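Chains A and B, in that order, are what the protein sequence lines are.
Take 1 as the starting number for the first sequence in my numbering and just add one per residue.
Take 433 as the starting number for the second sequence in my numbering and just add one per residue.
Simulated from the structure, these hints should not be mistaken for lab results.
Note that the coordinates shown come from a computational prediction; the quantities given were computed from them, not determined experimentally.
Careful, some of the hints might be misleading.
A few chain A residues that face chain B, going by a derived Cβ cut-off under 8 Å, partial list only [unchecked claim]:
1) Ile10
2) Ser11
3) Leu14
4) Val19
5) Ala70
6) Gly71
7) Gly103
8) Leu105
9) Val106
10) Val207
11) Thr260
12) Leu271
13) Val373
14) Ile393
15) Ala404
16) Leu407
Even glycine gets a Cβ: it sits at the ideal position worked out from N, Cα and C.
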Amino acid sequence: MARFIVRSLISAVLTMLIVSAALFFFLEVGSGDVTVKILGIESTPEQRASYRTQLGLNAPAWQRYLDWLAGSDWRAERAVGLPLVTVRNESTDEAEWWAERDGELVRWTMRDGELYQLTRQADGSSVESPADVAWQEGENGASYFWGVDADNNAVMWMRGAGETVWVRTKAGFRKEGDGPREYIPLRKGLLRFDAGKSLQTGRPVSVTLWPRVRNTLILAGLAFLIVMPLAVFLGVIAGINEGTWIDRVISIGGLALTATPEFVTGIFLILIFGVWWRVFPAVAIFTSPNAIFEKPMLLVLPVMTLTAVELGYVARMTRASMVEVMEAPYIRTAAIKGMPRRRIVMRHALRNALLAPITIIMLHVNWLIGGVVVVEAIFGYPGLGSYIYSAAIFGDPNAVEAAAMLLVIIAVATRLIGDAAYMLLNPRIRYS
Amino acid sequence: MTVAPQTIDVPPSPSRWSRAWDNLSLVFASRIATVGLVIVLLWLVLGIVSLFWTPYPPNSSLFTQNLMPNSTNWLGTDHLGRDILSRLMAGTQVVLLKTRLPGENGWVIPGGVAVWGVIGALFFGSVLGLNAGYRGGWWDQIIMQVLDALVAFPAIVLYLVIITAFEQGDLVVVFAITVTGTPGIARLVRSLALDIKTRDYIRAAETRGESPSYIMFREILPNARGPVLVDATLRVGYAIFAIGTLGFLGIGLPPPDPDWGSMVNDARRFIFVFSWGVIPPSVAIASLVIGLNLFADGMREELGRYQK
Chain A
1 MARFIVRSLI SAVLTMLIVS AALFFFLEVG SGDVTVKILG IESTPEQRAS
51 YRTQLGLNAP AWQRYLDWLA GSDWRAERAV GLPLVTVRNE STDEAEWWAE
101 RDGELVRWTM RDGELYQLTR QADGSSVESP ADVAWQEGEN GASYFWGVDA
151 DNNAVMWMRG AGETVWVRTK AGFRKEGDGP REYIPLRKGL LRFDAGKSLQ
201 TGRPVSVTLW PRVRNTLILA GLAFLIVMPL AVFLGVIAGI NEGTWIDRVI
251 SIGGLALTAT PEFVTGIFLI LIFGVWWRVF PAVAIFTSPN AIFEKPMLLV
301 LPVMTLTAVE LGYVARMTRA SMVEVMEAPY IRTAAIKGMP RRRIVMRHAL
351 RNALLAPITI IMLHVNWLIG GVVVVEAIFG YPGLGSYIYS AAIFGDPNAV
401 EAAAMLLVII AVATRLIGDA AYMLLNPRIR YS
Chain B
433 MTVAPQTIDV PPSPSRWSRA WDNLSLVFAS RIATVGLVIV LLWLVLGIVS
483 LFWTPYPPNS SLFTQNLMPN STNWLGTDHL GRDILSRLMA GTQVVLLKTR
533 LPGENGWVIP GGVAVWGVIG ALFFGSVLGL NAGYRGGWWD QIIMQVLDAL
583 VAFPAIVLYL VIITAFEQGD LVVVFAITVT GTPGIARLVR SLALDIKTRD
633 YIRAAETRGE SPSYIMFREI LPNARGPVLV DATLRVGYAI FAIGTLGFLG
683 IGLPPPDPDW GSMVNDARRF IFVFSWGVIP PSVAIASLVI GLNLFADGMR
733 EELGRYQK
């Protein structure tokens with residue numbers, strides 16, 4: 001048992017590594033020039049090139065992959081030469097990076113070629129003073145300095161090089177003669193739960209992702225709670241009545257429900273309950289972050305759609321398993337010795353018949369996730385699925401990668417749990 | 433003394449046609465499979481007809497917008513005044529009958545996006561599965577590890593990533609279907625190969641000194657075809673499902689050719705003023721997928737009965 005668990009854990013970790021690399025390089029190959037999408041098509045090639053530098057996109061792909069996975073602060077600390085720390089900003093609830101120098105937290109900012117130092121005060125504000133930093137001699141008479149800027153990047157400022165660069169600030173683009181040349185966006189990396197900044201919104205992914213995850217968990221959890229007992233009940237009914245009309249209705253109905261795409265089911269439910277009868281809201285637009293708790297009616301149609309899609313599959317699995325068990329010799333023995341049918345089903349058949357569905361349901365989580373993405377897109381439900389959908393459409397690699405990795409972790413974890421559950425419940429199986 | 437020449441009654445070997453008929457009768461033995469086949473054939477015929485004739489040109493706005501079904505437009509018109517029946521018929525083409533190649537020439541190859549996607553998955557899945565199953569050892573370990581990683585991707589995420597990574601196009605959707613379908617087919621082929629490789633005829637081939645690739649593709653694969661083909665039928669269903677979903681999300685097959693998923697998506701925006709519009713394309717997708725599922729299900733049942 002222990003060996004099996006260790007082996008599957010290793011396999012899961014390997015899987016995750018392969019997936020993360022594949023995901024990263026897939027987006028790397030194709031996502032096009034993201035700066036065009038952020039800056040608009042009116043931006044000039046110079047502005048785009050400068051902005052690419054500012055986003056740290058000029059580093060080689062393997063470097064950015066490592067940054068993404070394990071963080072860039074190691075690399076940045078070596079460049080800056082000071083320990084870098086994160087402090088939570090009380091007003092935005094987001095993490096800020098500061099360099100720690102002589103017990104003070106400092107950052108730098110450059111205006112009109114002059115470098116200023118920002119020193120963090122205890123209340124979170126900062127005091128500006130002219131920077132007293134040691135500029136290092138660079139090539140052809142220019143000098144440079146590595147520091148941390150106010151936008152959570154490690155930056156190499158350069159003066160005397162005579163090149164102009166575009167700097168994008170909150171107010172727009174600014175042209176600077178002396179200024180930042182190289183950026184390392186600071187992040188802790190996925191392994192330390194920091195997925196970087198969303199290029200679409202400019203906010204950290206890890207902050208914006210959690211409310212979405214919560215919404216999705218509520219949606220999927222409710223659907224799961226409804227689907228499981230109902231589907232198992234229908235499956236068992238169909239299984240013990242194999243070949244009768246009840247069985248036919250449940251089997252073919254289940255097949256039809258499974259084979260109907262989620263969006264078709266959703267559209268029909270909207271049509272019936274939202275448009276013709278007007279009993280439930282046809283869209284799940286959130287007017288406040290906690291809208292689900294204030295207006296639970298928003299959840300009815302999304303949960304119903306998800307339920308309809310999952311119901312057929314689980315019911316058919318349970319039925320198949322039940323049919324198989326009912327044909328087993330020990331059931332016949334029980335029947336021959338005169339045990340009442342109800343008792344045979346409840347005591348002998350059910351426990352064994354439920355083994356297979358449990359694992360299959362665990363493997364089925366991937367399918368459920370697909371359903372969630374579509375259902376959230378239909379109803380405009382602000383969950384993980386619509387998050388990844390809009391991020392993918394925009395081509396926002398940080399957000400897509402973080403959300404996709406989260407889904408992959410969920411899928412891999414449930415599969416592990418499914419395997420383990422199957423082993424615990426079925427002592428006949430021995431994994432080597 | 434003459435001896436009458438001995439005559440042996442050699443039963444004539446069954447002709448191709450009679451064998452094909454035997455296979456077909458397997459379909460008709462199951463009522464479910466028959467129903468499924470009829471539905472699929474209905475769409476196939478509609479699609480083939482639409483290659484030559486549709487009631488009206490599917491892409492031109494000839495009528496008033498958002499009409500209910502009437503004697504001119506049997507299924508009504510959409511939000512741009514196009515005939516829904518014509519669009520529905522033509523929508524079969526991209527899924528089942530033709531794949532548009534990228535480029536300005538407008539070249540198409542026969543066989544729809546769903547079909548080519550599944551053929552791709554069949555090809556890669558068989559190659560990987562056979563190698564994993566027959567060779568075993570490291571081949572098996574590595575192939576299965578990579579495939580496990582692919583399976584861990586929720587299919588929809590894989591679709592989203594692939595389609596955002598490349599331009600919209602028929603071939604991208606084919607590629608996406610191939611990638612998502614390969615692991616499942618590979619697993620199936622692997623398990624079949626593990627079973628078949630213990631048979632005597634494989635031992636015989638090995639003793640004859642046949643190469644591994646001969647054994648894999650000429651001995652194992654033909655003997656594994658039944659379950660693989662049933663699985664492939666199911667996968668065509670999933671592929672149509674996926675194409676519909678992608679079209680609905682607005683990232684599927686590119687315009688101008690009508691595509692059922694995007695028809696639903698377009699009509700959905702007018703659902704409060706004209707709710708009829710979403711119904712025909714929704715029913716079309718659902719019925720075709722259900723038809724393929726019924727067919728595959730019935731076939732599996734029949735094949736299973738055969739093997740018992």
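* Using 8 Å as the Cβ threshold, decide whether Leu407(A) counts as touching chain B. => At 5 Å from the nearest chain B Cβ, Leu407(A) passes the 8 Å test, so the hint holds.
* Asked: Would the hint on Val207(A) stand, with a C-beta cut-off of 8 Å toward chain B?
  -> 21 Å, violated
* Asked: Taking 8 Å as the limit, does the beta-carbon of Leu271(A) come near enough to a beta-carbon in chain B?
  -> 6 Å, holds
* To do: Classify the hint on Val19(A) as holds or violated, based on whether any CB of chain B lies nearer than 8 Å to its CB.
  => OK, holds: Val19(A) within 8 Å of chain B, min 5 Å.
* **Cut-off 8 Å, beta-carbon criterion: hint that Gly103(A) touches chain B** => 46 Å, violated
* When the least beta-carbon distance from Gly71(A) to chain B is tested against 8 Å, hint result -> 23 Å, violated
* **Closest C-beta approach of Ile393(A) to chain B relative to 8 Å, hint status** => Constraint on Ile393(A) satisfied, holds at 7 Å.
* Asked: Minimum Cβ distance from Thr260(A) to chain B below 8 Å?
  -> Given a least distance of 4 Å, the restraint on Thr260(A) holds.
* Does the interface hint hold: is Val373(A) within less than 8 Å of chain B, judged Cβ to Cβ? -> Result: holds, 5 Å to nearest chain B Cβ.
* **chain B contact restraint for Ser11(A) - C-beta distance below 8 Å** => 7 Å, holds
* Restraint outcome when Ala404(A) is required to lie within 8 Å of chain B by C-beta distance -> 5 Å, holds
* Asked: Close enough to count: is the Cβ of Leu14(A) nearer than 8 Å to one in chain B?
  -> 6 Å, holds
In summary, the structure is inconsistent with hints 1, 5, 6, 7, 8, 9, 10 from the numbered list given earlier, while agreeing with the others.
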